[in-house]
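With the hints as constraints, model all of the structure from the sequences given.
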Amino acid sequence: MSYRGRARKFLESASIDVGDMVRVEKPDVTYEGMVLDRADDADDRHIVLKLENGYNIGVEISDAMIELLEKGSEPRIKLPPVEAAEDPELPDVSIISTGGTVASIIDYRTGAVHPAFTADDLLRANPELLDIANIRGRAVFNILSENMKPEYWVETARAVYGEIKDGADGVVVAHGTDTMHYTSAALSFMLRTPVPVVFTGAQRSSDRPSSDASLNIQCSVRAATSEIAEVTVCMHATMDDLSCHLHRGVKVRKMHTSRRDTFRSMNALPLAEVTPDGIKILEENYRKRGSDELELSDRVEERVAFIKSYPGISPDIIKWHLDEGYRGIVIEGTGLGHCPDTLIPVIREAHDMGVPVAMTSQCLNGRVNMNVYSTGRRLLQAGVIPCDDMLPEVAYVKMCWVLGQTDDPEMACEMMRENIAGEINERTSIAYFRG
Amino acid sequence: MDWEKVGLKMGLEIHQQLDTESKLFCPCRTELTDSEPDHDIVRNLRPTQSELGKFDRAAFEEAMRKLHFHYENYHEETCLVEADEEPPHPLNPEALEIAVTIALLLNMKVVDEFHTMRKQVIDGSNTGGFQRTGLVATDGHLETPQGTVKIENLCLEEDAARRIRETGDGVVFRLDRLGIPLVEITTDPSMSDPQQLREVAYQIGQILRSTRVKRGLGTIRQDLNISIRDGARVEVKGVQDLDLIPEIVEREVKRQLSLVEIRDTLQERGAVVEDKIFDVSEVFADTESRIISSAESVLAVKLSGFDGLIGVEIQPGRRLGTEMADYAKKRGVSGIFHTDELPAYGITEEEVRGLREAVGASQGDAVVMVAHERVTAENALREVIRRAEMAIQGVPEETRKALPDGNTQYLRPLPTSSRMYLETDIPLFRIEDDLLEGIRRNLPELPSEKKERIMRDYGLSEDLASQLVKRNLVDEFEALTEFRVDTTVIASLLAYTLRELRREGHDVDGLGLDELRDAIKLLEAGKISKDALRDIVACMADESLAAEDAAGKLNLLLLAEDEIESIIREIVEGNLDMISERGMGAMGPLMGQAMGRLRGRADGKVVNRILREKIQERL
Numbered sequence: 001m002s003y004r005g006r007a008r009k010f011l012e013s014a015s016i017d018v019g020d021m022v023r024v025e026k027p028d029v030t031y032e033g034m035v036l037d038r039a040d041d042a043d044d045r046h047i048v049l050k051l052e053n054g055y056n057i058g059v060e061i062s063d064a065m066i067e068l069l070e071k072g073s074e075p076r077i078k079l080p081p082v083e084a085a086e087d088p089e090l091p092d093v094s095i096i097s098t099g100g101t102v103a104s105i106i107d108y109r110t111g112a113v114h115p116a117f118t119a120d121d122l123l124r125a126n127p128e129l130l131d132i133a134n135i136r137g138r139a140v141f142n143i144l145s146e147n148m149k150p151e152y153w154v155e156t157a158r159a160v161y162g163e164i165k166d167g168a169d170g171v172v173v174a175h176g177t178d179t180m181h182y183t184s185a186a187l188s189f190m191l192r193t194p195v196p197v198v199f200t201g202a203q204r205s206s207d208r209p210s211s212d213a214s215l216n217i218q219c220s221v222r223a224a225t226s227e228i229a230e231v232t233v234c235m236h237a238t239m240d241d242l243s244c245h246l247h248r249g250v251k252v253r254k255m256h257t258s259r260r261d262t263f264r265s266m267n268a269l270p271l272a273e274v275t276p277d278g279i280k281i282l283e284e285n286y287r288k289r290g291s292d293e294l295e296l297s298d299r300v301e302e303r304v305a306f307i308k309s310y311p312g313i314s315p316d317i318i319k320w321h322l323d324e325g326y327r328g329i330v331i332e333g334t335g336l337g338h339c340p341d342t343l344i345p346v347i348r349e350a351h352d353m354g355v356p357v358a359m360t361s362q363c364l365n366g367r368v369n370m371n372v373y374s375t376g377r378r379l380l381q382a383g384v385i386p387c388d389d390m391l392p393e394v395a396y397v398k399m400c401w402v403l404g405q406t407d408d409p410e411m412a413c414e415m416m417r418e419n420i421a422g423e424i425n426e427r428t429s430i431a432y433f434r435g
Numbered sequence: 001m002d003w004e005k006v007g008l009k010m011g012l013e014i015h016q017q018l019d020t021e022s023k024l025f026c027p028c029r030t031e032l033t034d035s036e037p038d039h040d041i042v043r044n045l046r047p048t049q050s051e052l053g054k055f056d057r058a059a060f061e062e063a064m065r066k067l068h069f070h071y072e073n074y075h076e077e078t079c080l081v082e083a084d085e086e087p088p089h090p091l092n093p094e095a096l097e098i099a100v101t102i103a104l105l106l107n108m109k110v111v112d113e114f115h116t117m118r119k120q121v122i123d124g125s126n127t128g129g130f131q132r133t134g135l136v137a138t139d140g141h142l143e144t145p146q147g148t149v150k151i152e153n154l155c156l157e158e159d160a161a162r163r164i165r166e167t168g169d170g171v172v173f174r175l176d177r178l179g180i181p182l183v184e185i186t187t188d189p190s191m192s193d194p195q196q197l198r199e200v201a202y203q204i205g206q207i208l209r210s211t212r213v214k215r216g217l218g219t220i221r222q223d224l225n226i227s228i229r230d231g232a233r234v235e236v237k238g239v240q241d242l243d244l245i246p247e248i249v250e251r252e253v254k255r256q257l258s259l260v261e262i263r264d265t266l267q268e269r270g271a272v273v274e275d276k277i278f279d280v281s282e283v284f285a286d287t288e289s290r291i292i293s294s295a296e297s298v299l300a301v302k303l304s305g306f307d308g309l310i311g312v313e314i315q316p317g318r319r320l321g322t323e324m325a326d327y328a329k330k331r332g333v334s335g336i337f338h339t340d341e342l343p344a345y346g347i348t349e350e351e352v353r354g355l356r357e358a359v360g361a362s363q364g365d366a367v368v369m370v371a372h373e374r375v376t377a378e379n380a381l382r383e384v385i386r387r388a389e390m391a392i393q394g395v396p397e398e399t400r401k402a403l404p405d406g407n408t409q410y411l412r413p414l415p416t417s418s419r420m421y422l423e424t425d426i427p428l429f430r431i432e433d434d435l436l437e438g439i440r441r442n443l444p445e446l447p448s449e450k451k452e453r454i455m456r457d458y459g460l461s462e463d464l465a466s467q468l469v470k471r472n473l474v475d476e477f478e479a480l481t482e483f484r485v486d487t488t489v490i491a492s493l494l495a496y497t498l499r500e501l502r503r504e505g506h507d508v509d510g511l512g513l514d515e516l517r518d519a520i521k522l523l524e525a526g527k528i529s530k531d532a533l534r535d536i537v538a539c540m541a542d543e544s545l546a547a548e549d550a551a552g553k554l555n556l557l558l559l560a561e562d563e564i565e566s567i568i569r570e571i572v573e574g575n576l577d578m579i580s581e582r583g584m585g586a587m588g589p590l591m592g593q594a595m596g597r598l599r600g601r602a603d604g605k606v607v608n609r610i611l612r613e614k615i616q617e618r619l
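Top line first, the protein sequences correspond to chains A and B.
First residue of the first sequence: 1, per the UniProt record's numbering; consecutive thereafter.
First residue of the second sequence: 1, per the UniProt record's numbering; consecutive thereafter.
Just so you know, these hints were derived from the structure itself, not from any lab.
Please note: incorrect hints may appear among the correct ones.
[What the hints assert, rightly or not] If you want the ones that stay clear, here's a sample from chain B, every Cβ over 10 angstroms from chain A, calculated:
hint	residue
1	A83
2	D223
3	Q393
4	R499
[Claimed, not checked] Using 27 angstroms as the maximum straight-line C-alpha spacing, the simulated DSS-like pairs for lysine-lysine come out as follows:
hint	chain 1	residue 1	chain 2	residue 2
5	A	K26	B	K237
6	B	K237	B	K401
7	B	K330	B	K276
8	A	K9	A	K71
9	A	K26	B	K254
10	B	K109	A	K9
11	B	K521	B	K470
12	B	K150	B	K9
13	B	K109	B	K254
These numbers were taken from a predicted model, which means no experiment stands behind them.
Glycine included, every Cβ here is placed at the ideal spot set by N, Cα and C.
Structure below.
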């Protein structure tokens, strides 16, 4: 149990465990119900009872007496086992679970949404998937997406690589939404894939009837059977439960804290609109199924700094990273790709030390152009790598990957400027930004 | 009826919207809107597991219908919280305060810590697929002439979205109502006298009105729980008229008693429901019946041992067949046919024979059929089979809808308590002793106490006092008693005159307390007569005039005594012949003339006195 302090002592003194039926007597009222666990961040002056009418209440214990009515077992969620016969006519899709909201359930113990489902559980919740493909499930780890690290990108990439190698016709990766676009970018660089690799998640937890997880996972499996053999993100296209957009994994960003249609293609159009029943291509320029050989380049450098420029930023911040031995720096600059000119000397110092410094824009939409203003030109002279229309997060992930591939700063610089996985668009269409 | 003998048990559930500034879990206003929606959202819901891992019957049934839901959104009136596109904000403390106030007025024990729960409701009326609700208090009581009634629970919850219309593929809801705070008050289900049930509903209504709750149509909803000893618990939703409660109870008891009788007969006959659905379209290949011939297919089931029982009346105008039809209608058909009512609807005796033959029905068996598109017809008949099996068991537990005549109609199965799990997006809310004590010290006056007090303090009649209380006008009344004017005049202005004027089409809603104050002030100053008040107020409303200007415009300002005197002198001098002829007998006709000229501008008593003096002077 997660009870502590006074509440724990109170329950233990009567040998009461979570799940037991009890009677609690207070001077003016008596309650009967089942003892539930209490969130461990809550106080220790109350115990939680589930009354017969289904309501939970917190009962203050200082003037309460407790009596055991019946021992119980701690309630657990049990789901029926999945037994699905393989359909030789259908493609094989692997679902890899990394945790996050698409694979989570309510945890009344801490009072929070926690990852608890295996990939298999997705299938139990969405039997419709079996109409689209033969599903194989595999949980790589169970992690909240805010706790992701570059080493987990590697692990995810290896898992996907393994599934494809084992014959999967497509792979779906269930991932928390907060950092999904970092991981999708990472896999875009690490993997050359002959089949679709589709990231998906949920903005409303899968324990609720209105969860977006269901449509997202169905559309993702559909996309995994498509001809688009790229690393993509598949999430709600609008606030409606009607269709999803399939975004290129290096051209997508979480743009809203809570809406279902939070993921938007940036400086690009979505590749396709997907429903559980079909797929409609919106952007013909994609890599076709089977055109690449499967290949994994999974070395990354974790010592890369990602720094946002802001009025008043001190050069000490960059200096500190250099002193700590960081091997690359990505700056999220202002406007066309600027930072205060007080940073120029330390950026030059980084360059001279062989630490590449890349420049992106916190405007997110549009591309950097460092020839327009003198600060930009001076930054270029100091050795800054302009990142074109690359998203800041993508540039950060790319730097981690590039420095995993080469130790040569010149080479790294070249690779940063080269379009490797569709992260750079030469052309900026008027359709990309709708204000 | 002998309620004790049938083992009648009843409880009451009242839902009342609270009149808060903002919604329970977001800052939107708590008003409904009729303006054109700005945005439409389409959603699907699917049932999930509760924390105890039990699958809920009602939730599952609703899911089977696989409806699309449309939600009407607004830029101003609703936000992302109602659309289930943003997590709820913390609990609105104003709503909790009102709920605690009501709980204390009902002598309830308030919980130490309020936990918001998710109650699964997947009929689309909540965008999240659950209603947020929490238990505020338990264990209260009310006194009635028929004895003490226990008030079991008071919950604070969010109101559901407003059902606007059905479309081909689902239901359209409007999000304006979703999230308005609501209290749900439940009594203990042990009342056995329908009059007591009515009395409790009335008393709770009165208590609610003494607090900050919404008024008007749809802001309060009453549900009844009714069961008899051999019957089952049935929840009757949407009782509008308290006076109808005893009638609803009586008809529900009759329904349950009849169903028990039918059960006994069925069991005696060894009745069986077969699972097989027959295609009987052939039988009706050349039918004259237009309802049948226009349908894609005709399917039927055999109910062995049911002959004659489907047509048994269980409520005035409702039969067991009606109950079956209500279940079938949930699957999208408009009705069913059964052999107890056939031949009819253009279906011939011969076709009925053919029908019976096709399903292998013998004497004592009944046949139910549905004419519709195949899948729908099949689903509908499965429901009929389900309901027929229940008939062999007795009375099913159901949620039913109150009909205007006092009958009830099947809505859905009774929900079970496993629909509830913790809303983890909202922090636990500790109800501190200070908060509780503060509320306890400032409890509002109950309507009955208020009525007694204003009768006593202001000498009002019981009728006037209860009108003021009922119309929530006591505060205005007491404010206006600062003027030395007959309190009855003030009370009837508020309780009756304004209402009459509104009914006559005068826009009196624009008149505030300040405007009324001006009018009463004129009365106190003797500048107008109390008889003129009505016309002056009407004119103030119609033409947005100040009280004195309205009185002037209508020529209703009282004249000074010398002005009155001069007018009366004129009248007297013009009628000297009559006076000499009739003496004081001329008083009557001349009074008539005088009032004709002075009405509204002079007090009748004063006119009377002066006229008398002037006549006497001439005699």
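Here is how each hint holds up against the structure:
At roughly 7 angstroms, the least C-beta separation between A83(B) and chain A is not larger than 10 angstroms, which violates its mark as non-interface. Separation of D223(B) from chain A is adequate, the least Cβ-Cβ distance of about 15 angstroms exceeding the 10 angstroms criterion. Every CB of chain A lies more than 10 angstroms from the CB of Q393(B), the least distance being 25 angstroms, so the non-interface label holds. With 10 angstroms as the threshold on Cβ separation, the claim that R499(B) sits away from chain A holds: the shortest Cβ distance comes to roughly 42 angstroms.
Restraint check: the Cα-Cα separation between K26(A) and K237(B) comes to about 35 angstroms, which exceeds 27 angstroms; the hinted pair is violated. This hinted pair checks out: K237(B) and K401(B) have alpha carbons roughly 5 angstroms apart, not beyond 27 angstroms. With a CA separation close to 20 angstroms, the supplied pair K330(B) and K276(B) stays within the 27 angstroms bound. For the suggested pair K9(A) and K71(A), the alpha carbons sit about 18 angstroms apart, so the restraint of at most 27 angstroms is met.
In summary, the hint linking K26(A) to K254(B) is not supported, as the alpha carbons are separated by about 43 angstroms, beyond the 27 angstroms threshold. Annotation: proposed proximity of K109(B) to K9(A) holds, straight-line Cα distance about 26 angstroms (limit 27 angstroms). Using a Cα cut-off of 27 angstroms, the hinted pair K521(B) and K470(B) holds, with the two alpha carbons roughly 26 angstroms apart. Between K150(B) and K9(B) the CA atoms are separated by roughly 13 angstroms; this keeps the pair inside 27 angstroms, and the hint holds.
A distance of roughly 37 angstroms separates the Cα atoms of K109(B) and K254(B); the hinted pair therefore is violated under the 27 angstroms criterion.
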